Amino acid sequence: MKKGDIAAIALVLALALGIFAATILLAPKSASVTVEIYASGEQIYSAPITENAEIPVSGDYHSTVVIRGGEVWVADSDCPGGDCMRMGRKSRAGETIFCLPNRVEVRLSGSDLDMIAG
Amino acid sequence: MKTKKLALSAVLLALALSLSYVERLLPLELVIPLPGVKLGLANTVTLYSICALDPLSALAILILRCIMSTFFGGTATSLAFSLAGGALAFAVMLGAKKIAALSEIGVSVLGAAGHNIGQILAAAVLMRTFGVAAYLPVMLVAGVFTGVAIGFAVQRLVRIKV
Chain Z
1 MKKGDIAAIA LVLALALGIF AATILLAPKS ASVTVEIYAS GEQIYSAPIT ENAEIPVSGD
61 YHSTVVIRGG EVWVADSDCP GGDCMRMGRK SRAGETIFCL PNRVEVRLSG SDLDMIAG
Chain G
119 MKTKKLALSA VLLALALSLS YVERLLPLEL VIPLPGVKLG LANTVTLYSI CALDPLSALA
179 ILILRCIMST FFGGTATSLA FSLAGGALAF AVMLGAKKIA ALSEIGVSVL GAAGHNIGQI
239 LAAAVLMRTF GVAAYLPVML VAGVFTGVAI GFAVQRLVRI KV
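Each protein sequence line maps, in turn, to chains Z and G. Following our numbering, the residues of the first sequence are numbered contiguously, the last one being 118. Following our numbering, the residues of the second sequence are numbered contiguously, the last one being 280.
Hints are computed from structural coordinates only; laboratory data are not their basis. Careful: at least some of the hints might be erroneous.
[What the hints assert, rightly or not] Here are the computed distance ranges between Cβ atoms for each label pair:
# : chain 1 : residue 1 : chain 2 : residue 2 : range
1 : Z       : L25       : G       : V276      : 41 to 47 Å
2 : Z       : E42       : G       : K123      : 46 to 52 Å
3 : Z       : Q43       : G       : A219      : 44 to 50 Å
4 : G       : A218      : Z       : P56       : 55 to 61 Å
5 : G       : G213      : Z       : M1        : 15 to 21 Å
6 : G       : T193      : Z       : S32       : 34 to 40 Å
7 : Z       : D76       : G       : A219      : 23 to 29 Å
[Unchecked claim] List time: in silico DSS-like cross-link candidates among lysine-lysine, alpha-carbon distance up to 30 Å:
#  : chain 1 : residue 1 : chain 2 : residue 2
8  : G       : K279      : G       : K215
9  : G       : K216      : G       : K120
10 : Z       : K2        : G       : K279
11 : G       : K279      : G       : K123
12 : G       : K215      : Z       : K3
13 : G       : K216      : G       : K122
14 : G       : K120      : G       : K215
15 : G       : K216      : G       : K123
16 : G       : K279      : G       : K122
17 : G       : K216      : G       : K279
18 : G       : K215      : Z       : K2
19 : Z       : K3        : G       : K120
20 : G       : K122      : G       : K215
21 : Z       : K2        : G       : K216
22 : Z       : K3        : G       : K216
23 : G       : K215      : G       : K123
24 : G       : K120      : G       : K279
Fair warning: this is a prediction, and the values are worked out from it, not measured in the lab. Virtual Cβ for every residue (Gly too), placed ideally from N, Cα, C.
So here's chain G without its partners, still in its complex pose (with noise of 0.2 Å):
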C-alpha cells in the first residue's frame, strides 16, 4: 500500500509540472482577454490528491510542484506567487471537502477563489499597496468559471478506481 501512493503521488506530481507547462502553451488570453486570467489545469491534481490521496500528501505535491516548475522557466516572483496561491487554495480546498453539501465542483470554485485571494496578497505585500485588490473582481468571476470546469473534470476523474 504505501509503495502504491508513493507510486501515484510521483505520477500526479509528474502530471501537475506538465498540466502547469501546458497551460503557458495555450494563448487563453485570446479567448478572454484579461491578464492574470488562467485555466489552472495543475489544480486538477490538488483537487484529485485531496480526494484520493490525503492532505499531507496533496500538500507534498503542491508545494513540490510548485518549486520545481519554476525550474520551467519561472523566476523568484512567479514561485512566490504560486506558492501563495496555492497555498491559500489548498487550505479552502481541504476545508471545503468537509461540507458534505458541496461536490468537487463548489470546492474546486472556492478552492479558485482562494487561489485568486492569494496571490493578490501576494502582489499586495509585493506592490506594498492594496490598490492591486481593485483587480480581485474580474479575477473571482473568471475563477468561478474555471473552478467549474476544473471541478467537473475532478468530479469524473474520482470515480475511477485507481
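Only chain Z is shown next, with the shape it has when bound in the complex (with noise of 0.2 Å):
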C-alpha cells in the first residue's frame, strides 16, 4: 500500500459523497410526492403516493409495484435477479427504485407547483 493509495480510496469515497449530497440536496422539499412509473423511458403512470394501488408493469418481464401506506416497493417480479425487489420500500421525493431486465423506473418526485400553489 503506497501514499497514492489512500489519496486514491479518499477520491473514491469523495465522488460518492459528493453525489450523495447532490442527490439529497436536489431532492425537491416537498409535502407530496408524486410516483411516476416508467416502462422503457415512456410514462405509464403517475399518481400522489398518498393514493393506494398494484400497477402491474409488463415489458420484457412482468413486475408489480405497490403503492401503500405512503410506500412504494417492487412486490413481485419474475426478472433475472430480482434485484429491484431487494431495492427496499421507498418514500421520500428524490429516490428511485430501477429494474434493469425490465426496464422500469419508479422515481419518486416532489412537485414545486403544490408548494406555489399552497
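The task is to assemble the complex, starting from two chains supplied on their own in separate frames and drawing on the hints.
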C-alpha cells in the first residue's frame, strides 16, 4: 500500500459522498410526493403516493409495483436477479427504484407546483 | 516469445471466463444485501494482464471475456453492461498504472470506480434517465472494498515470475 493508494481511496469516497449530497440537495423539498412509473422510458403511471395502488408492469418481464401506506416497492417480478425487489421500500422525493432487465423505473418526485399553489 | 505470450493470453482468458462464472455462484448478496454489488473477480485478470502483458493483449482478453461469458447465460443487456463497465475500468486502470505513487491496490480501486461509473452510464442510456446515478454512491463505496481486495490479490500475483 502506497501513499497514492490512500489518496485514490479518498478520491472515490469523496466522489461517492459528493454525488450522495447532490441527490439529497437537488431533491425538491415537498410535502407531496408523486409516484411516476416508466417502462422503457415511457411514463405509464403518475399519481400521488397517498393513493394506494397495485400496478402491473409488462416489459420484457412482468413486475408488480405496490403503493401502500405512503411507501412504494416492487412486490413481485419475474426478472432475472430480482434486484428491484431487494431495493426496498421508498417514500421520499428523489428516490428511485429501477429494474434493469425489465427497463422499469419508479421515480418519486416532489412537486414544486403544490408548494407555490399552497 | 510470441508463442509464450499467446499461450499466456489464452490461459488468462480461460481464467477470466471461469472467474466470471464462479462469481455468479457466490451468494454475495447474503453478506452484502445490495443489488448490483459484485466482487469483480474477473478484474483480477484485466489488471494482471495490464501489469504483466501489454495494453493491447489486456484489451483483447477483456473484450473476448465479455463476449464469451455471454454464452454462459448472459443476455444482450448483460453484454452491454459488462462492456461498458469493462471498457471504462480498463481505460482508468491503464491511465492510473502510469502514476508512480499508486500500487496495484490504488489502480484497482480507481478501476472499480470506473467500472461502476461505466455501468451506471449504460443503465442511464438503457433507462433513458439519469435517475440511476442516485445509486452510484452505494456502488462506489462497495467498489472501494472489492477494489482493495482485488488489488491486493494482483499485487501478490505480479510478483510471481511467469
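Results of checking the hints against the structure:
About 42 Å separates the C-beta atoms of L25(Z) and V276(G), a value consistent with the hinted range of 41 to 47 Å. Taking the beta carbon of each, E42(Z) and K123(G) are about 50 Å apart, inside 46 to 52 Å as hinted. Between Q43(Z) and A219(G), the C-beta spacing of about 48 Å keeps the proposed range 44 to 50 Å intact. For the pair A218(G) and P56(Z), the supplied restraint of 55 to 61 Å holds, since their beta-carbon distance comes to about 57 Å.
Taking the beta carbon of each, G213(G) and M1(Z) are about 20 Å apart, inside 15 to 21 Å as hinted. A hinted range of 34 to 40 Å for the beta carbons of T193(G) and S32(Z) is consistent with their spacing of about 38 Å. Against the hinted window of 23 to 29 Å, the Cβ-Cβ separation of D76(Z) and A219(G) comes to about 50 Å, which falls outside the hint. Restraint check for K279(G) and K215(G): the C-alpha separation of about 19 Å stays at or below 30 Å, so the hint holds.
Taken as a hint, the K216(G) and K120(G) pair is honoured in the structure, with Cα atoms around 25 Å apart against an allowance of 30 Å. For the proposed pair K2(Z) and K279(G), the alpha carbon gap of about 22 Å is at most 30 Å, so the pair holds. Between K279(G) and K123(G), the direct Cα distance comes to roughly 13 Å. Compliance with the 30 Å bound is thereby established for this hinted pair. Under the criterion of a C-alpha separation no larger than 30 Å, the hint pairing K215(G) with K3(Z) is consistent with the structure, at around 15 Å.
Only pairs whose Cα atoms come within 30 Å are accepted, and K216(G) paired with K122(G) is accepted, the gap being roughly 25 Å. With a C-alpha separation of about 24 Å, the suggested pair K120(G) and K215(G) falls inside the 30 Å cut-off, and the hint holds. For the hint linking K216(G) to K123(G), the alpha-carbon distance of about 22 Å falls within 30 Å, and the restraint holds. Between K279(G) and K122(G) the alpha-carbon distance is near 13 Å, which keeps this suggested pair within the 30 Å criterion.
The straight-line distance between the Cα atoms of K216(G) and K279(G) is roughly 21 Å, inside the 30 Å bound, and the hint therefore holds. The hinted pair formed by K215(G) and K2(Z) meets the criterion: a straight-line CA distance of about 13 Å does not exceed 30 Å. With a C-alpha separation of about 37 Å, the suggested pairing of K3(Z) with K120(G) is violated against the 30 Å cut-off. Pair hint K122(G) plus K215(G) holds up; C-alpha atoms about 24 Å apart against a cutoff of 30 Å.
Between K2(Z) and K216(G) the alpha-carbon distance is near 14 Å, which keeps this suggested pair within the 30 Å criterion. Of the supplied pair hints, the one linking K3(Z) and K216(G) holds, its CA atoms being roughly 15 Å apart against a limit of 30 Å. Our distance criterion of 30 Å between C-alpha atoms is met by K215(G) and K123(G), whose separation comes to about 21 Å. Annotation: proposed proximity of K120(G) to K279(G) holds, straight-line Cα distance about 17 Å (limit 30 Å).
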